[in-house]
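Taking the hints into account, I'd like the entire structure generated from these sequences.
Each residue of the sequence shown is one higher than the one before, starting from 1403 at the first, in the numbering used here.
Do not take every clue at face value.
Said to hold, decoys possible - Restraint ranges, calculated between C-beta atoms of paired labels, are given here:
| no. | residue 1 | residue 2 | range |
| --- | --- | --- | --- |
| 1 | 1484 | 1431 | 51 to 59 Å |
| 2 | 1466 | 1404 | 50 to 58 Å |
| 3 | 1475 | 1436 | 51 to 59 Å |
Hints in this document: simulated from the structure, not taken from any laboratory.
Backbone N, C-alpha and C define an ideal beta-carbon position, used for all residues, glycine too.
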Amino acid sequence: MIPIIYDLAEAARILGFSESYLRSKLRDRTFAGMKRAGRWAMTEAQIEAAIESMCIDARPTDPPSPSGLSRHSRYGRRLRQHGA
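Below, the structure is given as structure tokens:
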């Protein structure tokens, strides 16, 4: 199967970047791409890989405190109790 190839403008629109930003990321090899007739292009798989590389995992939530207060609230309570 022949992959779908997007030119720089189309790939930038899909990724939500300016063309100059995407061009710099392709040039410094942060994202995979290819040059066709001297112009940058990306396949659909390369765009998907770029999106995946920008994703971060969610931070696990802290378990609920026995007091029912957040860490910040517990700190504030401790300061108020000790007269700070």
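### residue 1466 versus residue 1404 beta-carbon gap, inside 50 to 58 Å or not
For residue 1466 and residue 1404 the Cβ distance comes to about 53 Å; the hint holds.
### Message
Please check whether residue 1484 and residue 1431 have a Cβ separation lying inside 51 to 59 Å.
### Response
holds, 54 Å
### Task
Given the range 51 to 59 Å, decide if the beta-carbon distance of residue 1475 to residue 1436 lies inside it.
For residue 1436 against residue 1475, whose Cβ atoms are near 53 Å apart, the range 51 to 59 Å holds.
Violated hints: none; the structure is consistent with every hint.
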